[in-house]
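Please construct the entire structure, taking both the sequences and the accompanying hints into account.
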Amino acid sequence: MNFFRRLFNGDAANAEEEHREQAARDFDVLKYDGVAAMRQHVFDYAEKCFLHALDIHDDLEIHDYLSQTFIALGKLPEAISQLRILADAEPENINIWLRMASVAYVMNDYDIMETACGKARCIDADNPQANYDYARALIGSNDGAGAVEFLSKAIEKCGGEPYWEAYLLRGQTWLNLGKTAEAEHDADFLLCHIPDHEDALILKSQCLQAQNMTPEAVDALDKALAANPFCGLALKQRACLKRMLGDEEGAKEDEKQLQELDSADGELEAEKHEDIASATENAYKNINPLA
0 MNFFRRLFNG
10 DAANAEEEHR
20 EQAARDFDVL
30 KYDGVAAMRQ
40 HVFDYAEKCF
50 LHALDIHDDL
60 EIHDYLSQTF
70 IALGKLPEAI
80 SQLRILADAE
90 PENINIWLRM
100 ASVAYVMNDY
110 DIMETACGKA
120 RCIDADNPQA
130 NYDYARALIG
140 SNDGAGAVEF
150 LSKAIEKCGG
160 EPYWEAYLLR
170 GQTWLNLGKT
180 AEAEHDADFL
190 LCHIPDHEDA
200 LILKSQCLQA
210 QNMTPEAVDA
220 LDKALAANPF
230 CGLALKQRAC
240 LKRMLGDEEG
250 AKEDEKQLQE
260 LDSADGELEA
270 EKHEDIASAT
280 ENAYKNINPL
290 A
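290 is the number that numbering that gives the first Met the number 0 gives the last residue of the sequence shown; the numbers go up by one with no jumps.
To be clear, the hints were calculated from the coordinates, so they are not data collected in a lab.
There could be a bad hint or two in this list.
[Said to hold, decoys possible] Mimicking SDA-like on lysine to any residue, the simulated pairs with C-alpha atoms at most 25 Å apart in a straight line are:
| hint | residue 1 | residue 2 |
| --- | --- | --- |
| 1 | K30 | P76 |
| 2 | K178 | P127 |
| 3 | K74 | L50 |
| 4 | K156 | C191 |
[Stated by the list, open to error] Pair ranges (Cβ atoms, derived):
| hint | residue 1 | residue 2 | range |
| --- | --- | --- | --- |
| 5 | T213 | Q67 | 22 to 32 Å |
| 6 | A14 | G158 | 55 to 65 Å |
| 7 | D58 | H192 | 38 to 48 Å |
| 8 | E77 | T114 | 13 to 23 Å |
Ideal placement from N, C-alpha and C gives every residue a C-beta, glycine not left out.
This is the structure we're talking about:
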């Protein structure tokens, strides 16, 4: 009797061990295939691999890959859910909170963004990116004055090369608050270091126009378009200013260029989507033997 008990118990133990080993092998294959698909931008297949891997057992690295995959697929609420899992497991990892803030920004969900940036700032109150993103969240919530405070801190705490994006956003925010002198100061700082910075030139033009210096504002837009002839915003604003100066022919010429630019952008976008769809389908067939 003891012999048969040991025999059958041994068979059960062996079967259980084989099942665990097979599950581990399946997990590794799904993880490898998912990462390979993600790197080839076949994100729908990567998503399936990672979800099946998580069915086998929970794994933080897979949640990380899945968050990146959801971001690439535009499934931003799902990406936030994965990032919450990572944040619960590693609450002191500032990069998780910063990624969550970036995703929330694309979603225009400024409540999630403020919370994520607040968590990041609790870890490192001087982190330039955390302060910059917190300012962007405040701008989204119509708190420009608060945003200026955190943009200034991001600029102050940024070591090495100046935080160009923060200077630009602070200048734009100053202008929206009616603080033209402060906005122009930030624009001038950028242009002193990067003379052909098209966004800074547009900001400079807006500051000049706010001071009724229309010819000078047009000159700034001329420089912006010299730096980037395809800048739609600069063309649109220059057309408006030329019309104010009585240059109807010049205004119509800018509007014609803007219309051509919009038409070309639409065609390029359509071609881009077709190319991506074709490449994705072909890559999926190469990876998935069942296709």
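Hints versus structure:
no.: 1; hint: K30 with P76; result: holds (22 Å)
no.: 2; hint: K178 with P127; result: holds (24 Å)
no.: 3; hint: K74 with L50; result: holds (14 Å)
no.: 4; hint: K156 with C191; result: holds (21 Å)
no.: 5; hint: T213 with Q67: 22 to 32 Å; result: violated (48 Å)
no.: 6; hint: A14 with G158: 55 to 65 Å; result: holds (59 Å)
no.: 7; hint: D58 with H192: 38 to 48 Å; result: holds (46 Å)
no.: 8; hint: E77 with T114: 13 to 23 Å; result: holds (18 Å)
Taken one by one, the earlier hints fail for this structure only at number 5.
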